[in-house]
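Enquirer: As they're listed, the protein sequences go chains A and B.
Under this note's numbering, the very last position in the first sequence is 115; numbers go up by exactly one each time.
Under this note's numbering, the very last position in the second sequence is 77; numbers go up by exactly one each time.
I should point out that these hints are in silico values taken from the structure, not numbers from a laboratory.
Possibly wrong hints are sitting among the right ones.
[Claimed, not checked] Once the Cα atoms are required to be at most 30 Å apart in a straight line, the calculated DSSO-like pairs of lysine-lysine come out as:
no., chain 1, residue 1, chain 2, residue 2
1, B, K72, A, K107
2, A, K26, B, K72
3, A, K107, A, K67
4, A, K81, B, K72
5, A, K67, B, K72
6, A, K50, B, K72
Owing to the predicted nature of the structure, the values given are computational and were not obtained by experimental measurement.
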Amino acid sequence: MSDVMTATSARIEREIAENPVMLYMKGTAMFPQCGFSARVVQILSHLGVKFGTANVLEDAALRDGIKQFSNWPTVPQLYVKGEFVGGCDIVTEMFQSGELEGLLAEKGIAHNAAA
Amino acid sequence: MAMSATEIETLIRTAIPDAQVSVEDLAGDGDHYAAQIVSERFRGRSRIQQHQMVFEALGGRMGGVLHALALKTSVPE
Chain A
1 MSDVMTATSA
11 RIEREIAENP
21 VMLYMKGTAM
31 FPQCGFSARV
41 VQILSHLGVK
51 FGTANVLEDA
61 ALRDGIKQFS
71 NWPTVPQLYV
81 KGEFVGGCDI
91 VTEMFQSGEL
101 EGLLAEKGIA
111 HNAAA
Chain B
1 MAMSATEIET
11 LIRTAIPDAQ
21 VSVEDLAGDG
31 DHYAAQIVSE
41 RFRGRSRIQQ
51 HQMVFEALGG
61 RMGGVLHALA
71 LKTSVPE
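Generate the whole structure from the sequences, applying the supplied hints.
Expert: Printed below as a string of structure tokens:
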């Protein structure tokens, strides 16, 4: 592994440890720059979850690094308590089935109860 | 650099021969697709693992040539 890769992977490990819910995305929570990222932000906001974000468009090393880190070729990527949950499709499916809320509850992460 | 729905289907069927695959071109632009894949091989695997099997079938094209492919995987009922 190159030094850049090692540094990026250390950065990701630190971020997913520091943020119980961490989203790697294109753009920011306020201004998502991709429809898939926007949808995950919308779901997390709807659930009233506090989450950290990192914008892969601002950092080429992160954009490549996050894909290698999780062996997952696309962004967005959601991590809960340091564990990779999935991309937009999986998060959407889990939200619709109620599994996402169950996961948050199980991990002790504050969120809105189901409407 | 877009891919056709048929190419996507063929790649998936080649790697996962029992798969029932339907690919929809969402925007008619050869660039935004949604695929539904049903295979016995997904049984007992997490959604992440199921999607990774499909990514592997697509041989590195996901996130590259194929930038927008929504996936839904399941096992036969």
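Enquirer: Work down the list of hints and note, for each, if the structure agrees.
Expert: Outcome of the hint check:
1. B:K72 <-> A:K107: The hint holds at about 25 Å.
2. A:K26 <-> B:K72: holds (22 Å)
3. A:K107 <-> A:K67: Between A:K107 and A:K67 the Cα gap is close to 24 Å, so the pair holds against 30 Å.
4. A:K81 <-> B:K72: holds (25 Å)
5. A:K67 <-> B:K72: Given pair A:K67, B:K72 holds - Cα atoms ~20 Å apart, limit 30 Å.
6. A:K50 <-> B:K72: holds (27 Å)
This entry satisfies every hint, going by the numbered hints stated previously.
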